[in-house]
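Trainee: When you number the sequence shown by the numbering used here, it's gap-free, plus one each residue, and the end is 462.
Any given hint could turn out to be false.
Derived Cβ-Cβ restraints for the label pairs, each shown as a range [stated by the list, open to error]:
1) K448 - G235: 48 to 54 Å
2) P135 - D386: 42 to 48 Å
3) V405 - E444: 25 to 31 Å
4) T203 - V123: 26 to 32 Å
5) D451 - G235: 25 to 31 Å
6) D417 - G109: 46 to 52 Å
7) K448 - R208: 27 to 33 Å
8) P275 - D146: 24 to 30 Å
9) S143 - E398: 32 to 38 Å
BS3-like, lysine-lysine: derived pairs with alpha carbons at most 27 Å apart [to be verified]:
10) K277 - K120
11) K79 - K448
12) K120 - K130
13) K240 - K79
14) K207 - K154
15) K207 - K127
Don't read these hints as lab results, they were simulated from the structure. Beta carbons: idealized from backbone N, C-alpha and C, even for Gly.
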Amino acid sequence: MKANVLQLVDSFNQGGSERQAVQLAEMLRRDGTYRVFLGTLNKEGVLLDKVEKIGFHPVPHFPLTSFYDSNFVRQIKACVRFIRENDVRIVHTHDFYTNIFGMTAAFLAGVPVRIASRRETTGTRTPMQKRIERSSYRLAHAILANAGAVRRQLIDEGVSDRKIEVVYNGVDWARVSPRADVKFGTDREPVPKELGLPIKTGQPVVTIVANFRLDVKDHPTFLRAARRVRESVPGAAFVLAGEGGLLEPMRRYAAELGLGEAAVFAGQRDSVAEILDVSNVGVLSSKAEGLSNAILEYMAARLPVVATDVGGARELVVEGETGHLVEVGDDAAMAARIIDLLNDPEKARAMGERGRQLIETKFSCSEQLHKTSDLYNRLLTRNGE
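Using the sequences and the hints given, assemble the complete structure.
Mentor: The structure is reproduced here in structure tokens:
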């Protein structure tokens, strides 16, 4: 008999955690070993349509306003009721808010397997929030980390290493181009008109894929590096793909730096394949990360990477082999590495190929599904199911 699993995600916005959770739920559903429910605390976001088309309908919804009001108690009771009515044997949560909410509800409902997740090393949580999240970890049978760096951070915070499992994110191949015949520099194919961006054939393109919701992505460092690159490579364009409340401030900052039309704000994209296909270098300027989905996608698209040395970046970017790592906030070093890659297309191509090979062998969706299913089975067996 199939065990019932509740995957719980904060929302269906187009963030890395949300996309990974939806992707995993879809893979588990398609695999057929478990009966999968996909629930949320906020039934909004561009991924909701995809979720319903996959077949997750209705989506159990537990809207929160705070951890400290009567509604929190009502929603906990509703979640406990849902878990019991559907005989859920595994609850797997995917982010800060669902860790706290979901582990509490699962514990009260007596769920035999409770799995929380951690996807970043450091972030924006207050000391109080960190203490609350650690309490949710105590209710969990396992904490799933998406990088070795995240595992080490959890241990530093006092979490038992016996509870922590590392399962790398899998690449969503639908979002990236196979790029079977990559052409860098002036030999690239014509830029597709449907891309809708002011990029010309042969124009060097440097791309960052990162939402504008948190300053942890540090777009200002990327833009300052872009200004330096323009001084050496005057024709370069810089594509910033993403959405969020910091978008307009970054538009203004790009104008202040004198980037003009060279800074191309591409907005949110369901697929980044077309953008990556006309790009020469993929960049990440974050102050903190777990295992960056953006870097995974750059490497899957055979792009060399220039990224800040945070979180699990070293588990993806092999210095001098698949890209380059620079210190947080060092726009001068970032620009120097980008310029080097733009001026040496053969080296850039070789780095991109090595990056693709690494993704195919170590960061595939099939590997993610296998390790997650294995974790579920081990915990079910250990806990007498």
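Trainee: Give a verdict on every hint.
Mentor: The hints, checked one at a time:
Look at K448 against G235: about 25 Å separates their beta carbons, and that is not inside 48 to 54 Å. At roughly 44 Å, the beta carbons of P135 and D386 sit within the given window of 42 to 48 Å. For V405 and E444, the Cβ-Cβ distance of about 29 Å falls inside the hinted range of 25 to 31 Å, so the restraint holds. A beta carbon spacing of about 29 Å between T203 and V123 agrees with the range 26 to 32 Å that was offered as a hint.
About 26 Å separates the C-beta atoms of D451 and G235, a value consistent with the hinted range of 25 to 31 Å. The hinted range of 46 to 52 Å is satisfied by D417 and G109, whose Cβ atoms lie roughly 48 Å apart. Distance hint for K448 and R208: a CB-CB separation of about 30 Å, consistent with the stated range 27 to 33 Å. Between P275 and D146 the CB atoms are about 48 Å apart, so this pair departs from the stated range of 24 to 30 Å.
S143 and E398 have their C-beta atoms about 47 Å apart, which leaves the hinted 32 to 38 Å range violated. Restraint check: the Cα-Cα separation between K277 and K120 comes to about 39 Å, which exceeds 27 Å; the hinted pair is violated. The suggested pairing of K79 with K448 holds, with an alpha-carbon distance near 18 Å, which does not exceed 27 Å. Under the criterion of a C-alpha separation no larger than 27 Å, the hint pairing K120 with K130 is consistent with the structure, at around 15 Å.
Distance hint between K240 and K79 is fulfilled; the C-alpha atoms sit about 25 Å from each other, no more than 27 Å. In summary, the hint linking K207 to K154 is supported, as the alpha carbons are separated by about 24 Å, within the 27 Å threshold. Restraint check: the Cα-Cα separation between K207 and K127 comes to about 32 Å, which exceeds 27 Å; the hinted pair is violated.
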